[in-house]
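J.: For chain U, the structure is supplied; the task is to place chain P on it using the hints.
2 protein chains.
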Amino acid sequence: MKTFIKPQLSDWSTLTSRPTKETQDLQKIVLDVFEKIQTEKDQAIIDFTEKFDKVRLVSLEVSTEEIEEAKSLISEELKQAIQLAASNIEKFHALQREDVKIIETTKGVNCWRESRGIENVGIYIPGGTAPLFSTVLMLGIPAKLAGCHNIILCTPPNQEGKIHPAILYTANLIGIEKIYKVGGIQAIGALTFGTETIQKVDKIFGPGNQYVTAAKQVAQNFGVAIDMPAGPSEVLVIADETSVPKYVAADLLSQAEHGIDSQVILLTNNEQILNDTIAKINAQLKVLPRKELANKALENSRGIVLNSIEECITFSNIYAPEHLIIACETVENYIEKIINAGSVFLGNYSCESAGDYASGTNHTLPTNGYAKNYSGVSLDSFIKKITFQKLTTEGIQNIGPAIELMAEAEELFAHKNAVTLRLLDLRSKA
Amino acid sequence: MKTFIKPQLSDWSTLTSRPTKETQDLQKIVLDVFEKIQTEKDQAIIDFTEKFDKVRLVSLEVSTEEIEEAKSLISEELKQAIQLAASNIEKFHALQREDVKIIETTKGVNCWRESRGIENVGIYIPGGTAPLFSTVLMLGIPAKLAGCHNIILCTPPNQEGKIHPAILYTANLIGIEKIYKVGGIQAIGALTFGTETIQKVDKIFGPGNQYVTAAKQVAQNFGVAIDMPAGPSEVLVIADETSVPKYVAADLLSQAEHGIDSQVILLTNNEQILNDTIAKINAQLKVLPRKELANKALENSRGIVLNSIEECITFSNIYAPEHLIIACETVENYIEKIINAGSVFLGNYSCESAGDYASGTNHTLPTNGYAKNYSGVSLDSFIKKITFQKLTTEGIQNIGPAIELMAEAEELFAHKNAVTLRLLDLRSKA
Chain U
148 MKTFIKPQLS DWSTLTSRPT KETQDLQKIV LDVFEKIQTE KDQAIIDFTE KFDKVRLVSL
208 EVSTEEIEEA KSLISEELKQ AIQLAASNIE KFHALQREDV KIIETTKGVN CWRESRGIEN
268 VGIYIPGGTA PLFSTVLMLG IPAKLAGCHN IILCTPPNQE GKIHPAILYT ANLIGIEKIY
328 KVGGIQAIGA LTFGTETIQK VDKIFGPGNQ YVTAAKQVAQ NFGVAIDMPA GPSEVLVIAD
388 ETSVPKYVAA DLLSQAEHGI DSQVILLTNN EQILNDTIAK INAQLKVLPR KELANKALEN
448 SRGIVLNSIE ECITFSNIYA PEHLIIACET VENYIEKIIN AGSVFLGNYS CESAGDYASG
508 TNHTLPTNGY AKNYSGVSLD SFIKKITFQK LTTEGIQNIG PAIELMAEAE ELFAHKNAVT
568 LRLLDLRSKA
Chain P
148 MKTFIKPQLS DWSTLTSRPT KETQDLQKIV LDVFEKIQTE KDQAIIDFTE KFDKVRLVSL
208 EVSTEEIEEA KSLISEELKQ AIQLAASNIE KFHALQREDV KIIETTKGVN CWRESRGIEN
268 VGIYIPGGTA PLFSTVLMLG IPAKLAGCHN IILCTPPNQE GKIHPAILYT ANLIGIEKIY
328 KVGGIQAIGA LTFGTETIQK VDKIFGPGNQ YVTAAKQVAQ NFGVAIDMPA GPSEVLVIAD
388 ETSVPKYVAA DLLSQAEHGI DSQVILLTNN EQILNDTIAK INAQLKVLPR KELANKALEN
448 SRGIVLNSIE ECITFSNIYA PEHLIIACET VENYIEKIIN AGSVFLGNYS CESAGDYASG
508 TNHTLPTNGY AKNYSGVSLD SFIKKITFQK LTTEGIQNIG PAIELMAEAE ELFAHKNAVT
568 LRLLDLRSKA
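Line by line, the protein sequences give chains U and P. If you count the first sequence from 1, position 189 lands on 336 in our numbering, and the numbers rise without skipping. If you count the second sequence from 1, position 188 lands on 335 in our numbering, and the numbers rise without skipping.
The reader is advised that the hints may include incorrect statements.
One copy or two, either will do: identical chains are not told apart, so a pair holds if it fits within one copy or between any two.
[Unchecked claim] Straight-line C-alpha distance at most 30 Å; calculated DSS-like pairs for lysine-lysine: (1) LYS238 to LYS532; (2) LYS347 to LYS201; (3) LYS254 to LYS238; (4) LYS393 to LYS347; (5) LYS175 to LYS254; (6) LYS149 to LYS218; (7) LYS226 to LYS254; (8) LYS201 to LYS484; (9) LYS532 to LYS175; (10) LYS291 to LYS254.
Bear in mind the hints are in silico, worked out from the structure with no lab data behind them. Small disclaimer: the values here were computed from a predicted structure and weren't measured.
Isolated chain U, as found in the complex (with noise of 0.2 Å):
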């Protein structure tokens, strides 16, 4: 972690840029196995699958055996601490309901939203060693409050053809039927267009290396929808003499364990605290297992110190981390001062890993800056809100004078001709 007492206001701009990395163009490679998903559709899936995930596989869906053996496979207190998860994120996204509410804009002309869950999501699982669960949870929980009728989740088999049966049992749980062994650029395919076996969506969640990455991006142009740009992940803290470092240490180590481009920050008032919270770092370090991943990503990283916590969360707002933890005792005062984060943990006791398991909140958030244009996945994700409006002919009279002066105004005499020639009758009915 390189650290930064009191930098001068002019090298902010540096200090709040993320580090900038190559990145390959991956479009070709996604159109080629677009092209061949269009064509070939199944055959195609099963083909890419052979060469990437190096199993032939028979059937792509999950079967109900392959459900039950995974409900073998889980232990109780697992499968328990799964449900306190799921019941906390059912809680949190179920709150964000909208009511309808209608308001009489003008007398007779009534308007109001109705929430319309999306027809067909998509959830995209990464594989590999550690199984991502807990994503099933925070895409599949809002997915199924909001009525989506189709949720399909696609996951890359092992080579033996297997998904790791913390996935099946936590999709199970929720209730989702459709999970289809494929993944990579190809899962995004068959998601975008649709095959035999699996359905064309219409947005497309959930995380992925950097094939996944460009193939959503690129899925975008063929009409689908995606939760939101991807980047490595980040965290900021910012701590004060009430902090406790070793917290502060391992909540850093809990972001840098994702990967060697996760990037991590610590902003301070108190030099101390910067100092007792490296040596913590460098004690923790030892002992995890993804220490040499994290070891890179601390190489990225950043421990400032500033002149105030004011100062802390101006600097935060410019770098507007996907997730802010204020590690310090009296939070009150500073939360209206947030103004560009992704998911913000208030004092000693809300580590970055509570949301990102069992508080409640959504882990699906903006990186990279996105922040700053960007929510995160909500129950919003998933649904569309239809704006409705029904006129009186009072409705129609009170208003259809200022909309004809308006069209003719930009020249459009049809939309005009539209309100004319109901006032016209209405005045011959009078």
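T.: Relative to the frame of chain U, chain P by itself:
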């Protein structure tokens, strides 16, 4: 308008499709303009404006004098009409504010969301003969309500270097202070990268021609968000024996006059209504100033008789229209069946023009089938919702063990350790 009487279900896929059009690949042109703006900034903007808009500007920013002059050029009647529309749009969008709701998901675990305006937003208003000042209302009012700090409006100048007074009057009325005379790709480039005069923004809103649309797409690769993908405007009208053919005809024409690629669809359970409406369209078309445009649009358009209004709604949900008019006297039973639509107009007096201008709903809506996966512009489009959480010592003790189990199962041991350290401390204190 092509007509179809009770077509077979197998034909629905063709009948619900949009006309395919050759889209020119403008990415190269956009990237060239963007590159010049990144290096030459204001100078590039002035040069491109001379090239494309045929005017060499001395100043990019609209002056106070120009605003005052615009005010004097707008009639009192039009001012009042714009004020009525502004008032209704403000009422409807203010209703979309979300109260902060705190939920204790588990004892000691409090979670909530707070909304923050996106700090810097750009509003693009096209030029041309018809000045779209109504779009200034539709984008500027929610931006103001959201609390966006910097609202920047770009619109191309005419060959005299002027902006239409209705646009200036409207922008000034709702409190937009930064108005720049720049259009086309160069406007989107200025908003994406910033120049000496024009500030870089976080999100760009607004309609435009194919160049503006392409530029907005490309801008997304440079960290900017956009309102939604763009496409030609469209309306679908559902009519039964209680509909008034001349009103239906006027509503269809008010969409058709937008441009030759507009699409209008009439669905009905009553062949007589179809025939009567077509007769009225032909009569109204004759006196329309934009009849050539409308006539071309009608060539792409369809009048279809189906078996019932329920079937019409099923068809409409597959088509996912930007505007849906249910021109029937009794509409209540149909509302909950509407799944995919941008904005819905109910009954014989809710013409599309009402929502285009003055009822209060937003007219920036998803086209081209995107009503399946996107909402129209609303207050939500101008805010981010940040999640917050605060755990007490009781809270972390209640959910900590579940987090430890889940983190371990995902093989993220630093995530687990962040909880373990806290739980150990609390146990030793107890």
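J.: Does each hint fit the structure? Answer for all of them.
T.: Structure-based check of each hint:
1. In this homomeric assembly, LYS238 and LYS532 come within 30 Å of each other (Cα to Cα) both inside a single copy, at 21 Å, and across copies, at 17 Å.
2. Taking the closest pair of Cα atoms, LYS347 and LYS201 come within 30 Å of each other only inside a single copy of the chain (25 Å); across copies the shortest separation is 47 Å, beyond that limit.
3. In this assembly of identical chains, the alpha carbons of LYS254 and LYS238 lie at most 30 Å apart only when taken from different copies (13 Å versus 38 Å within one copy).
4. Neither within a single protomer nor between protomers do LYS393 and LYS347 lie at most 30 Å apart by alpha-carbon distance, with minima of 48 Å and 40 Å respectively.
5. For the homomeric pair LYS175 and LYS254, neither the shortest alpha-carbon distance inside one copy (56 Å) nor that between copies (51 Å) is at most 30 Å.
6. Taking the shortest Cα distances, LYS149 and LYS218 never come within 30 Å of each other, neither inside one copy (46 Å) nor across copies (56 Å).
7. Taking identical chains as interchangeable, the C-alpha atoms of LYS226 and LYS254 lie at most 30 Å apart only when they sit on different chains, with a minimum of 20 Å there against 55 Å within one chain.
8. Neither within a single protomer nor between protomers do LYS201 and LYS484 lie at most 30 Å apart by alpha-carbon distance, with minima of 51 Å and 45 Å respectively.
9. With identical chains, the CA atoms of LYS532 and LYS175 are never at most 30 Å apart, being 35 Å at best within one copy and 35 Å at best between copies.
10. Taking the shortest Cα distances, LYS291 and LYS254 sit within 30 Å of each other only across copies (25 Å), while inside one copy they are farther apart (38 Å).
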